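Trainee: In case you want the letters, here they are:
Number of protein chains: 2
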Amino acid sequence: MPTSVSFDRLAHQPAYKVVSEKIRNAIVSGEIAAGDLLPTETDLAEQFGVTRSTVREAIRLLEHGGILGRAGRKRLVVTLPGMEAVGRSVSSAMLMHQVTYEELWQVAMGLEPLAGKLACLSATDEEKQLLADNLALTEQVMDNHDALLKVEIEFHNLVAEATHNNALLLARAPLNELFYPAWGAIIRALSPGERILVAHQHVYDAICAGDQDKAEEWMEKHMRDFRRGIEMGNLGFDQPVQG
Amino acid sequence: MPTSVSFDRLAHQPAYKVVSEKIRNAIVSGEIAAGDLLPTETDLAEQFGVTRSTVREAIRLLEHGGILGRAGRKRLVVTLPGMEAVGRSVSSAMLMHQVTYEELWQVAMGLEPLAGKLACLSATDEEKQLLADNLALTEQVMDNHDALLKVEIEFHNLVAEATHNNALLLARAPLNELFYPAWGAIIRALSPGERILVAHQHVYDAICAGDQDKAEEWMEKHMRDFRRGIEMGNLGFDQPVQG
DNA sequence: GCTGACATATTGTCGGACAATATGTCAATT
DNA sequence: AATTGACATATTGTCCGACAATATGTCAGC
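Chains as they are written, first to last, in my numbering: chain H, 53 to 295; chain C, 53 to 295.
Hints should not be assumed to be uniformly reliable.
Identical copies go unnamed one by one, so any copy, or any two together, can satisfy a pair.
Pairs of lysine-lysine residues, derived as DSSO-like cross-links and limited to a Cα-Cα distance of at most 27 Å, are as follows [unchecked claim]:
(1) Lys180 with Lys126
(2) Lys180 with Lys74
(3) Lys266 with Lys126
(4) Lys126 with Lys202
(5) Lys266 with Lys202
(6) Lys180 with Lys202
(7) Lys180 with Lys69
(8) Lys74 with Lys126
(9) Lys69 with Lys126
(10) Lys266 with Lys74
(11) Lys180 with Lys266
(12) Lys266 with Lys69
(13) Lys273 with Lys69
Simulated from the structure, these hints should not be mistaken for lab results. Given the structure is predicted, the values throughout are model-derived calculations rather than measurements.
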């Protein structure tokens with residue numbers, strides 16, 4: 053029964069993808085470092101033996117991931133993908149997957165207490181000072197909903213940064229963007245300024261004291277408050293997150 | 053002292069970015085659903101009043117994030133960004149940020165036990181069956197390094213999927229890709245087949261019994277083993293992860 | 001119903017073009 | 001010496017038109 057040989061579907065990758073991969077590899081492998089300038093589009097086109105249009109498409113592919121950016125608005129420069137770029141791309145994926153507040157909250161329950169705990173080990177004096185400043189500011193703006201939301205988010209970012217753990221920062225990047233509207237709604241609905249301040253204060257104390265368990269515990273309490281906030285405010289805990 | 057007025061730098065966004073944002077909004081806002089076909093490049097060019105080249109660049113921008121893909125290899129189709137796409141983009145960011153195995157492990161310690169815990173609440177019978185199959189397979193291939201690595205990774209994915217939490221799945225997507233080589237090295241160096249099997253077995257039992265604490269605990273033990281593996285194998289726990 | 005032939009639509013790639021804007025140089029001015 | 005202006009140059013953003021390769025659709029013929 054000579055079913056004849058079976059051939060693999062030959063993968064004819066479009067040129068712009070090949071070019072994009074070549075550049076990407078050179079970057080990820082460290083051959084080109086962050087901050088380096090890339091050759092001009094015309095040069096790249098010549099080097100790869102394709103047209104400028106093709107090179108441009110390849111560049112766009114990388115530009116979105118935050119790997120490439122433009123200095124000023126001219127030359128191409130290799131960039132470290134910032135938290136914002138990663139956050140944006142993952143959170144848009146979460147939006148499309150119709151992630152609910154509950155799901156998001158569960159992930160936050162895994163990451164935020166962890167951040168508090170790790171920050172106890174690695175927060176520098178400057179970072180503790182930044183946290184102290186943030187607390188002072190929180191006290192001042194407690195009744196201003198918008199300002200309160202801003203410092204609340206900032207506090208969590210400061211704690212996360214104090215861990216000096218880039219993997220953690222990248223993993224929680226999308227949370228920032230998505231929790232933003234929810235926190236805002238809670239704050240407007242319940243004015244929980246006092247509770248927020250108390251929780252932050254305890255986390256801050258724990259970090260200064262290097263008390264991992266306490267930091268973890270209070271961060272957890274804080275997040276449970278968030279959950280109660282969504283439930284009490286009737287904001288639809290099982291509803292998909294709104295962009 | 054008329055230092056003259058200060059003006060905001062006026063942001064002249066390039067057309068391809070504008071077009072890309074327009075399409076992105078239409079997708080994220082649900083105006084176009086996943087699975088829908090987009091108009092052809094020529095049509096889009098006409099609608100936006102730009103050239104096809106510009107439209108193409110805009111498309112590339114979205115293509116990388118996994119938002120757009122090609123059906124067959126022709127028409128553009130709106131796609132749900134899969135775990136792979138998200139994983140790839142975040143993990144390349146982690147690589148560039150020189151994330152160490154320790155940092156990565158800390159994140160995994162936040163997410164994997166959580167996955168075990170949540171899976172207890174939501175695993176369906178089919179999913180339990182898949183886990184059982186995976187265990188059986190693990191037993192068979194315990195001495196085959198490559199095969200063992202594959203089922204090990206698959207086990208964790210199955211547990212994560214059993215949580216039915218898309219946010220969690222997306223958050224841990226990069227871990228998959230980055231742990232892969234490390235697990236492989238550990239397995240080759242230490243042949244920890246027995247320990248892996250025991251831990252998986254306990255997690256599986258806990259999930260079947262709905263015992264959240266036990267699932268969390270054993271997943272944690274399992275991850276601590278992973279850490280010990282890297283340390284014992286002298287694989288450089290504080291070294292940047294290798295792509 | 002399957003096959004093949006043919007027209008059509010769509011993408012991938014090319015080449016060339018031009019305006020707007022940065023960058024670099026150098027002389028003139030203060 | 002530092003600033004300004006004039007000018008050439010380089011680079012990007014956008015446009016146009018073109019063509020080959022490949023899917024898709026249609027229709028006759030067996």
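Trainee: For a quick check of understanding: which of the numbered hints are violated here, in increasing order?
Mentor: 1, 2, 3, 4, 7, 10, 12, 13
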